[in-house]
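Starting from the structure of chain C, add chains E, U and D where the hints point.
Protein chains: 4
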Amino acid sequence: MNRFGNAFRLSIFGESHGPAIGITIDGLPAGIPLCEADFEADLARRRSGARGTTPRREADRPQLLSGLYGGHTTGAPLTILFANEDTRSGDYAELTHHFRPSHADRVAAVKFGGWNDPRGGGSFSARLTAALVAAGVVAKRVLPASVRFATRLAAVGGEQDPARFEHVIEAACTAGDSVGGLIECCAEEVPCGWGDPFFDSVESLAAHLLFAIPAVKGVEFGDGFAVAARRGSENNDRILDAAGTTATNHAGGIDGGIANGNPIVVRVAVKPTPSIALPQETFDAATGRVAPLTIRGRHDACVALRGAVVVEAALAIALADLALRERTNRPRPTQAENG
Amino acid sequence: MNRFGNAFRLSIFGESHGPAIGITIDGLPAGIPLCEADFEADLARRRSGARGTTPRREADRPQLLSGLYGGHTTGAPLTILFANEDTRSGDYAELTHHFRPSHADRVAAVKFGGWNDPRGGGSFSARLTAALVAAGVVAKRVLPASVRFATRLAAVGGEQDPARFEHVIEAACTAGDSVGGLIECCAEEVPCGWGDPFFDSVESLAAHLLFAIPAVKGVEFGDGFAVAARRGSENNDRILDAAGTTATNHAGGIDGGIANGNPIVVRVAVKPTPSIALPQETFDAATGRVAPLTIRGRHDACVALRGAVVVEAALAIALADLALRERTNRPRPTQAENG
Amino acid sequence: MNRFGNAFRLSIFGESHGPAIGITIDGLPAGIPLCEADFEADLARRRSGARGTTPRREADRPQLLSGLYGGHTTGAPLTILFANEDTRSGDYAELTHHFRPSHADRVAAVKFGGWNDPRGGGSFSARLTAALVAAGVVAKRVLPASVRFATRLAAVGGEQDPARFEHVIEAACTAGDSVGGLIECCAEEVPCGWGDPFFDSVESLAAHLLFAIPAVKGVEFGDGFAVAARRGSENNDRILDAAGTTATNHAGGIDGGIANGNPIVVRVAVKPTPSIALPQETFDAATGRVAPLTIRGRHDACVALRGAVVVEAALAIALADLALRERTNRPRPTQAENG
Amino acid sequence: MNRFGNAFRLSIFGESHGPAIGITIDGLPAGIPLCEADFEADLARRRSGARGTTPRREADRPQLLSGLYGGHTTGAPLTILFANEDTRSGDYAELTHHFRPSHADRVAAVKFGGWNDPRGGGSFSARLTAALVAAGVVAKRVLPASVRFATRLAAVGGEQDPARFEHVIEAACTAGDSVGGLIECCAEEVPCGWGDPFFDSVESLAAHLLFAIPAVKGVEFGDGFAVAARRGSENNDRILDAAGTTATNHAGGIDGGIANGNPIVVRVAVKPTPSIALPQETFDAATGRVAPLTIRGRHDACVALRGAVVVEAALAIALADLALRERTNRPRPTQAENG
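Residue numbers (the numbering used here), protein chains in the order written: chain C, 5 to 343; chain E, 5 to 343; chain U, 5 to 343; chain D, 5 to 343.
Okay, chain C solo, but in the shape it has when bound (with noise of 0.2 Å):
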């Protein structure tokens, strides 16, 4: 299913190594001013160049297809492609039969009969989330100007304190081994009834999305995992006002699956890239046998790093696309103004 969304909705498409990936996007007020310098600064953070980021180099410049005419949104469908350009196709021969672990290759092939695009992840790669990350800059544009995003890297293979990230990275390259990472991502501002119950929970909107990000094993909001372990009297946010301002935030900003005005949290777990450099034992379809596979290529030790502008992407689309439906919801007048 390359579509999501019900009143912001997306379209993606392409593989690593073909002509070009991209995303449309259908539901998009007219009127929105919208450039393509207007992706640089999101397109950057996803961008290679940091120790532990892939040397492959794309320039990742967005070309804007249609839905745009004098410097502002039409009201019809933008489409955004990204060309494909700095691809080593010959890197992945071995790869349709010497399945590497924890990879796609296998399940690709079983899935689609062998006719999958192998190199490079074919669409399985996540390279696919450029387009996310443009689909989320755009999203940020639908919601209202008051939301703000902060999202870090909340954990490195377990370390927590920034300062050492660096570290366990360099050890993890040195190693020819990858490193896991936790992403955090926080949505301020964003106003309380937002939501589309029973199924469109704004967790169940943005995990959908989340868990579509190549890599991502688990997704939490607010206290999350922790809140199993407490009592209800610890876990409550009591609620100090008519704004619904609460005494804490246990919630992560959602209450019945509504945001409720506070801050929306939402923390990912990212596992490790399966790509490494250390030869690993596994099945060869071509021999029947298991034997060591040496990944060439060029990888992330961490993609985690480049991770938290998808995932704060993700929650971006996310939130754009329950901000439009509210319009259809929202009940005019109030019950209190009826009377």
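For the record, the hints were derived by calculation from the structure and aren't laboratory data. Quick caveat: nothing in here was measured; it's all calculated off a predicted structure. Each hint should be verified, as a subset may be incorrect.
[To be verified] Partner residues are not named here, just some residues of chain E that face chain C (Cβ under 7 Å, in silico):
1) 5
2) 106
3) 184
4) 186
5) 200
6) 223
7) 236
8) 259
9) 287
Each residue gets a CB set at the ideal place from its N, CA and C atoms; glycine is no exception.
Using the frame of chain C, we list chains E, U and D on its own:
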């Protein structure tokens, strides 16, 4: 959004204290044997009765309104209705202004301009999970008979020893309080290849449904949050044979969002129910002041007890949707067969 | 597919001779006054009684199962149920092998492998249009009060003079036969701008619903098929003022798939009901031979009589869906206001 | 709404004078052979050239951006792009205030607050039908090879003799005018059982797409509007054998919304293009007065000429969507096989 699913399609409706709740399932193949008694076992697992569950009793007898003929599904939409019987709406009058902390009362009033049904949580009530459980029963019939579910309460109030759960819940009840819990669900023999990228990974669909269940605040697959602290060499699941058997199952049976043939494992954090007997200081819109609120009515002390079968139903529904979609996706013939 | 609509969302269910038929409407704004009596007028228009309509009588009293509280919609899904009362299933036993010509009996048996409910057409019965009419009543409440519908039977059996309709139908009844008809529906004061291109033009959404009504075989907007014979200079609707008033309305109020502010006009061709008293020579699977079939049971001689309100409901539903979507699409501010 | 389809899923984008138009197809099974040359024949049928078609020439060479590898579909989304080449945007400046009669100019300006792309009709341009035709080519590959389409121009300007079409068009061209036409499309060997009630009858899905094609104002199946004047005894298609062969095909191959195995026949009324060389008296928002408008630019005198292949594509797409859905619906085993 009361809809879920692309091929196995749900439409849910109802409020806690209205005439009935129910669910319509569309996309169900014809010829599946089904009768009211088939729902008994799973509904019994959700029913109250044990210490720590609400004294509200419902027969929870499903009425099959459509889509059945001669004891088999017809291919037409199947509607399952549960009449609401043991309702005591008088218990809830105060809650339209003196909002319960961490409940949906306040956000629902804001979202719907005060027009929402406040009785017993209205459409936000966990009562609706009876409909999910019923849909889960039907979903299991769509799945191959070989797919088996094993679901357990993995922790209560932080306690992981099942022998101690009763004590933990008893203590919470005595204190007029509630406790959270951790539910683990495992689905075995899920065929390799299920999952519908980019957006509808197994994790995405399952998490979407799981986060629609009231009180769920965290979802993780396989080793989940633990993988964020690992290195790739530790976390990778080496493939051992042509069937895809892996030496470990850190991934919880899912690679690249697609089932890999190993057991699918998901863990869900359930918060302590916010309805507690202990008085809570919270804002009262009627007086404009923070004042002690005492919640009357009948409530669960540990919703995780009854939640296990709901989590299992959610996973079964996500898998049934993917199972039916897979029929459209599967290529014929495979590349190997093609020469 | 039992679903229709993106913002005003339907889910229909039920069979002619099962316990009940019904429909769930999701996406309905909260605070709309609604009660069972509101459905009476439109349901009465669909009810049998006149010469040429089936003697099957149903009270057709809608039960509102969810989504209402205190006489107003709550913002939660609204489910409307109609119990089936006057069913005589014995009339239909022969039809599982001696298929009625031009009925769904045979195609349903093929499609569903014989598992379909054959009684009274099962889920293919025109009985389900009661649910559509009920949804139409709700749809009209979503539309601005200024939107008015005028629907009429434009022809019966080729006769266009309403004064002669009764005679035409009487003659058909007497002959043990049935007659087709033409229904015209006009919606006035539909605001300019509704319609959701590329795929969801006003015509597309309305025709989708209209062709779901049993017996409909043709749909045209404005001057419809007549425009195929014209020149552009004859057919163009010249614009007369800033409000978009046009000198003619050949387009039936729709340009480029979008409402232009003029009356929306649609005409629908309804075939003569295939259930006739006259014996018909048709294949009998039990004997493998063509043999005379005499259809017993109670039937309409002119389904177009009762179909007018169904056509109106379909148009109202399509417009309500577009009305709610328009809330998400509308730009603010306009380019003119923007400077 | 730029999306269509449940199993064979389209997402369309682009404007007449923007960088490109295109379409993404999701849900396509893997392993289907496909290359750019496969699109040539159908695109040539849509291309201009004949008298009565626009002198605007586009190579209309499809770029296949994703979803292909080694000459076969991969199971991932397929994106087809057409660069816009021969654009002359200067021709359209006046039309933002002096709206062309019966064009989308005015309704688009109202709907999108003036932010729409006015050049060449923007996203309302018939240019987008190139993308539909391309999707139709892919749809035909999804259908069984036995399904054949026969499409013809059945009338031009009221003239039904093909030998006279050229004269009728020539006369319109000479007069600075345009003419409408009637297109008939027939699909043979469509398997009995396709169609997805209640809402997605074959007619509903096909009409939905057909009415999305610019200039279509009427759609009828089988004998269409003629059946409204008939009696049941005349209109019923008597079944002759176990295969469902019928003595007549008044129903156009569809009973109860489901294909019955006989040829599916649809007729589509296409209006004369509103772009004519003759001056037209219409409102000018710049002056607030009705004034003569002379439309410059390059236009078709009879869009029905190029529209035949678009109609065929629309029917093929609707059938492909139903074909894939049928894989999920089909019961196994049938009731007869079940004993």
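Practice prompt. Closer than 7 Å between Cβ atoms is the bar; does residue 106 of chain E clear it against chain C? Give me holds or violated.
Written response: holds, 4 Å
Worksheet item: Given residue 186 of chain E was flagged as interface, is its beta-carbon under 7 Å from a beta-carbon of chain C?
Response: holds, 4 Å
Practice prompt. Answer holds if the nearest beta-carbon of chain C is closer than 7 Å to that of residue 200 of chain E; otherwise answer violated.
Written response: Result: holds, 5 Å to nearest chain C Cβ.
Item to complete: Have a go at the residue 5 of chain E hint: is there a Cβ in chain C nearer than 7 Å to its own Cβ?
Response: Given a least distance of 4 Å, the restraint on residue 5 of chain E holds.
Worksheet item: Does residue 223 of chain E pass the interface check with chain C, least Cβ-Cβ distance below 7 Å?
Response: holds, 6 Å
Discussion item. A closest beta-carbon separation below 7 Å is what the hint needs, so does residue 287 of chain E meet it against chain C?
Written reply: holds, 4 Å
Fill in: Supplied contact hint for residue 184 of chain E, tested at 7 Å Cβ to chain C
holds, 4 Å
Worksheet item: Any CB of chain C closer than 7 Å to the CB of residue 236 of chain E?
Response: holds, 4 Å
Worksheet item: Is the hint on residue 259 of chain E kept, meaning its closest Cβ partner in chain C is under 7 Å away?
Response: Cβ of residue 259 of chain E sits 5 Å from chain C, so the hint holds.
The structure shown violates none of the earlier numbered hints.
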